[in-house]
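Student: Under UniProt numbering, the first residue of the sequence shown is numbered 1, with each subsequent residue one higher.
Just so you know, these hints were derived from the structure itself, not from any lab. Incorrect hints may appear among the rest.
[Said to hold, decoys possible] Okay, derived cross-link-like pairs now, DMTMM-like style, lysine to aspartate or glutamate, Cα gap no bigger than 20 Å in a straight line:
hint, residue 1, residue 2
1, LYS3, GLU394
2, LYS127, ASP105
3, LYS126, ASP164
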Amino acid sequence: MAKRILVVTQHFWPENFRINDMVEGFLQDGLEVDVLCGLPNYPKGEWFDGYSAQGPWEEHYGTAQVFRAKEWPRKGNTSVNIFLNYVSWPLYAWRALDRLPGGYDAVFCFNTSPVLMCWPAIRYAKKHKIPFTNYVLDLWPENLYSVLPVKNSLLRRIAQGVSDHLYRKADRLIAMSGPLQQRLCQRTGKPETAVAAIPQYCEDFYAVPQPDEELAARFAGRFNLVFTGTFTPAQSLDMVLRAVLDARAAGAENLHLLLVGDGMSRESLQDLARELNAGDAVTFYGSVPAQEVPRFTTLADALLISLSDSPDLGLTVPGKLASYMAAGKPVIASMNGAGAEAVRESGGGLVSPACDQQALAENLLRLYRMDPAGRTQLGEKAKAYYLAHYRRAELLRRLETFILQGE
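All chains should be modelled from the sequences, with the hints used to inform the complete structure.
Tutor: Right, dumping it as structure tokens:
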């Protein structure tokens with residue numbers, strides 16, 4: 001009989017998160033899957049077409065049954081609305097647990113922010129005496145502070161206590177890197193056998209070039225530095241924009257920052273671009289479906305990944321890095337910790353410390369002046385690292401084995 005998994009995640013299709021592909025992978029590998037999730041409104045805080053505060057509450061994603069619970073939409077990504085979004089969905093999801101058909105062998109939470117997202121999963125697993133695995137993508141409360149500047153010491157102690165309590169309640173935890181695995185073991189008292197270090201994989205389509213004549217013509221004659229993903233304070237894109245302008249002033253006159261995505265920082269970044277008279281140095285392209293991202297990585301001369309100067313953000317290797325390396329293009333990394341070490345180890349790009357505007361500008365200028373053969377070699381090394389470390393099939397098997405161990 002096929003094993004059955006309940007996936008709990010606030011963010012799911014048609015929102016653009018890797019859990020969509022993970023569910024597809026579970027189904028392809030013969031597992032049966034139900035998903036408990038929210039109503040799609042990320043990242044803009046507006047309901048997706050076909051959705052509203054009135055549902056729909058049940059759908060199918062392939063052969064997976066999808067059960068949706070209410071949530072307060074992010075509505076412009078103000079601090080108040082993000083907070084209400086964070087706390088509302090776990091409460092509504094808890095009330096929705098009775099709608100689930102049951103019969104599961106394990107519960108799996110794809111735990112982006114907030115950490116509270118895993119609470120309904122804990123409740124269900126405890127009630128039905130089945131193992132619960134928490135896939136920790138955003139370490140809390142540290143990740144919270146990179147988005148919302150919580151200064152009150154009492155609130156910070158509460159956030160720390162709640163986060164540690166929820167992590168301890170999981171039977172198993174999955175970390176994105178060795179350093180995060182060690183941190184979670186320290187905070188929960190769990191042995192390493194209960195905390196697996198499994199990198200985020202990359203969907204196979206990121207490794208297939210998608211030449212786009214229209215894009216190539218539009219951005220011809222430029223050295224295109226491409227960033228894809230969500231715009232939040234954690235990415236320090238304001239610093240990146242300043243570094244790009246510094247590099248252009250130092251001789252990289254055709255350097256162009258192409259931002260593909262959206263998020264809570266977009267408006268402030270656009271305001272900064274106007275303030276700095278960035279002109280044609282930056283283009284805000286907007287969001288595209290994940291399957292279209294290779295159109296932009298194929299166009300790119302280099303791919304940018306950046307994180308703010310937080311030691312806790314440095315514990316993880318962002319999933320974006322895998323998709324960048326799959327594209328076989330040089331990686332420009334402005335970050336610390338595990339992600340920076342992966343780029344160095346691969347030999348597939350240039351690394352500067354997080355939030356070091358001068359060092360990033362120098363690396364941009366260095367790559368800009370590098371001969372094409374040298375940049376091609378960097379891209380080949382990045383692709384080789386992807387093939388060795390971030391292949392989808394192998395990492396999915398490791399996830400499934402860990403989630404269902406002993407079942």
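Student: Taking the hints in turn, state whether each one holds.
Tutor: Verification of the supplied hints:
1. LYS3 x GLU394: 19 Å, holds
2. LYS127 x ASP105: 13 Å, holds
3. LYS126 x ASP164: Holds, at about 17 Å.
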